[in-house]
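Trainee: Sequence:
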Amino acid sequence: MRSGHRGAVIWLTGLSGAGKSTIAQALERELFQRAMHTYVLDGDNIRHGLNSNLGFSPDDREENIRRVSEVAKLMADAGTVVITAFISPYRMDRSRAREIALEGSSEFIEVFVDAPLAVCEARDPKNLYKKARAGQIREFTGIDAPYEAPEDPEIVVHTDQQSVDESVAAILEQLLPRLRAVE
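At position 41 of the sequence shown (counting the first as 1) the number is 41 in the numbering used here, and the numbers step up by one without a gap.
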């Protein structure tokens with residue numbers, strides 16, 4: 001246990017605009033301040049490189065999440081706390097991500113970043129909902145493609161009711177005990 005803590009995959013899932021990336025970055029800062037090895041995987045650093053050949057069809061979404069899961073597992077097995085921030089709209093894909101992570105010696109914690117569709121649309125930092133409503137983006141999750149909310153996530157944060165700091169605190173409360181090194 002070179003890093004003094006166990007590796008883990010923290011899987012943030014939710015609609016676009018729910019706050020996944022914002023929470024992931026804030027959580028990474030908090031863990032880094034505790035001298036933990038961390039890394040955030042999200043659409044910005046995965047879809048432009050490793051998965052640049054994938055689109056947004058159901059099959060491509062499945063393959064995107066499978067690849068992310070494999071990378072996250074490798075990093076977690078090396079002692080990194082990997083925070084993933086992906087819509088990952090299908091329960092089956094998230095279940096598979098859990099199975100892949102647990103093949104190693106790492107923790108897997110699913111965090112449902114929950115916000116009503118209306119709130120996500122109002123936030124819409126990249127104008128994606130606006131484009132989807134105008135027909136410029138097809139198969140957009142929450143508009144014309146489904147999002148299957150988690151049935152039994154370890155943690156739920158309600159970003160329409162909780163601040164980023166409150167959301168991170170709720171995650172840390174459950175996460176930190178699970179990361180303690182086992183002697």
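It is possible that part of the hints are untrue.
Derived CB-CB ranges, DEER-like [to be verified]:
1) Val-164 x Ala-118: 16 to 24 angstroms
2) Leu-176 x Ala-78: 29 to 37 angstroms
3) Arg-178 x Ser-57: 31 to 39 angstroms
4) Asn-53 x Leu-74: 31 to 39 angstroms
5) Val-164 x Asp-59: 31 to 39 angstroms
6) Gly-4 x Arg-138: 43 to 51 angstroms
7) Pro-58 x Lys-131: 13 to 21 angstroms
8) Arg-178 x Gln-33: 27 to 35 angstroms
9) Arg-133 x Arg-180: 21 to 29 angstroms
The set of hints was computed from the structure by calculation and includes no laboratory data. Every residue, glycine too, gets a C-beta built ideally from N, C-alpha and C.
Trainee: A separate judgement is required for each hint: does it hold in the structure or not?
Mentor: Results for each hint:
1. In this structure the supplied range 16 to 24 angstroms holds for Val-164 paired with Ala-118, their Cβ-Cβ distance being about 20 angstroms.
2. With their beta carbons about 20 angstroms apart, Leu-176 and Ala-78 fall outside the hinted range of 29 to 37 angstroms.
3. Restraint check, Arg-178 to Ser-57: a C-beta distance of roughly 35 angstroms satisfies the suggested window 31 to 39 angstroms.
4. Taking the beta carbon of each, Asn-53 and Leu-74 are about 20 angstroms apart, not inside 31 to 39 angstroms as hinted.
5. Between Val-164 and Asp-59 the beta carbon distance is about 34 angstroms. The supplied range of 31 to 39 angstroms therefore holds.
6. One distance hint, 43 to 51 angstroms for the beta-carbon pair Gly-4 and Arg-138, holds here, with the actual separation near 47 angstroms.
7. In this structure the supplied range 13 to 21 angstroms holds for Pro-58 paired with Lys-131, their Cβ-Cβ distance being about 20 angstroms.
8. In this structure the supplied range 27 to 35 angstroms is violated for Arg-178 paired with Gln-33, their Cβ-Cβ distance being about 18 angstroms.
9. Range check, Arg-133 to Arg-180: Cβ separation about 46 angstroms, and the 21 to 29 angstroms hint is violated.
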